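Trainee: Sequence:
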Amino acid sequence: MLLTAASPACAERLNLDIQAAGLDRRVLVYAPDSAARQITPLVIVYHGRGDDAAPFARAVELHKDWPEAIVAYPRGELHPGKAQRGWQYRKGQYDDRDLLLTDALISELAKRFKLAPEQTFAAGFSNGGHFVFLLMQERRELFAAHAVLGSVRPDFASDASPRPLLYLFGRGEDPQYQDDWEGTIQALIRHQQSTGPLQESLGCCKLQRGGDGGAPFVFGLYNAGHIWPTDGNEWVKAFFSDPWMRAGH
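118 is the number of the first residue of the sequence shown in my numbering; add one for each residue after it.
Hints in this document: simulated from the structure, not taken from any laboratory. Quantities reported herein were computed from a predicted structural model and do not represent experimental measurements. Please note that the accuracy of each hint is not assured.
[To be verified] Result set (DSBU-like, lysine-lysine): computed pairs, CA atoms no more than 35 Å apart in a straight line: (1) 199 with 354; (2) 199 with 181; (3) 323 with 181; (4) 208 with 354; (5) 231 with 181; (6) 354 with 231; (7) 208 with 231; (8) 228 with 354; (9) 228 with 181; (10) 208 with 181; (11) 208 with 228; (12) 199 with 231; (13) 323 with 208; (14) 231 with 323; (15) 354 with 181.
[What the hints assert, rightly or not] Okay, the calculated beta carbon distance ranges per label pair: (16) 323 with 199: 18 to 26 Å; (17) 303 with 130: 25 to 33 Å; (18) 351 with 310: 23 to 31 Å; (19) 198 with 154: 42 to 50 Å; (20) 199 with 329: 40 to 48 Å; (21) 200 with 351: 27 to 35 Å; (22) 231 with 209: 18 to 26 Å; (23) 338 with 277: 36 to 44 Å; (24) 130 with 323: 30 to 38 Å; (25) 136 with 169: 15 to 23 Å; (26) 198 with 155: 40 to 48 Å.
Ideal placement from N, C-alpha and C gives every residue a C-beta, glycine not left out.
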């Protein structure tokens, strides 16, 4: 493992080199000075296909809007035969390189900072959102809640018990995905075991509370196409920061 400061003037920006599944991986990490002394929220944010950690971090800037949190932007690997970086879609694909990266990343960060499972979160956009769906299936125990933006999985199903979920999709996305978005909502309602009336939430979305054994599900549309929404950081931070929401009451 190697952790280096990008520059003396910006000590909170760190480049973490980590080995997982026989590969050398790179993760861009922003951490407040207090993270080594007190329990600090951790958000791992997975970029979309064809993107990279550094430009994605510059575009999204969740670390600037949530400076009290540790925000980690892993770098996806190249898809075989394609000059695009991204994440595995299903268990066993690419030798589970990205699931194993997530395991190793959380383990390494826990050695350096004070983390708590109840304040560890995953968020992903596009292909990164598809990977968060996989984390919901295969690494449920690592995260207290999840956020998926700009992805569809109408066939999503899992025997893993649900965690609170924020699901956002752009109104300006390709119309061919509209039915898939609606199908994804229904699949996630089943997985979250959410019931009861819909309530307004976060100023953007609808909230349905989890029933017995279920977890809260917040979902909505934003006024953009296939991009991280302008208010996305505000919504993600509010969702992950709300202990009442995450408690499922």
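Trainee: Quick check: does the Cβ-Cβ distance between residue 303 and residue 130 fall within 25 to 33 Å?
Mentor: 41 Å Cβ-Cβ, so the 25 to 33 Å window is violated.
Trainee: Check whether the Cα positions of residue 231 and residue 323 lie no farther apart than 35 Å.
Mentor: The hint holds at about 33 Å.
Trainee: Starting from the hint 36 to 44 Å, judge whether the C-beta atoms of residue 338 and residue 277 obey it.
Mentor: violated (26 Å)
Trainee: What's the verdict on residue 323 and residue 181, does the C-alpha distance respect the 35 Å limit or exceed it?
Mentor: holds (26 Å)
Trainee: Does residue 354 pair with residue 231 here, judged by a C-alpha cut-off of 35 Å?
Mentor: holds (19 Å)
Trainee: Given the hinted pair residue 199 and residue 181, is their alpha-carbon gap at most 35 Å?
Mentor: holds (32 Å)
Trainee: Between residue 198 and residue 155, is the Cβ distance one that fits in 40 to 48 Å?
Mentor: With Cβ atoms ~46 Å apart, the hint holds.
Trainee: What's the verdict on residue 208 and residue 228, does the C-alpha distance respect the 35 Å limit or exceed it?
Mentor: Within the cut-off at roughly 27 Å; holds.
Trainee: Given the proposed pairing of residue 199 with residue 231, does the C-alpha separation stay at or below 35 Å?
Mentor: The given pair, whose Cα atoms are some 38 Å apart, is violated under the 35 Å limit.
Trainee: Within 35 Å, alpha carbon to alpha carbon, are residue 208 and residue 231?
Mentor: The given pair, whose Cα atoms are some 29 Å apart, holds under the 35 Å limit.
Trainee: Could you see if the CB distance from residue 200 to residue 351 stays within 27 to 35 Å?
Mentor: holds (34 Å)
Trainee: Has the given pair, residue 228 with residue 181, been kept, meaning a C-alpha gap of at most 35 Å?
Mentor: With a Cα-Cα distance of about 24 Å, the restraint between residue 228 and residue 181 holds, given a limit of 35 Å.
Hint check: violations occur at hints 12, 16, 17, 22, 23; the rest are consistent with the structure.
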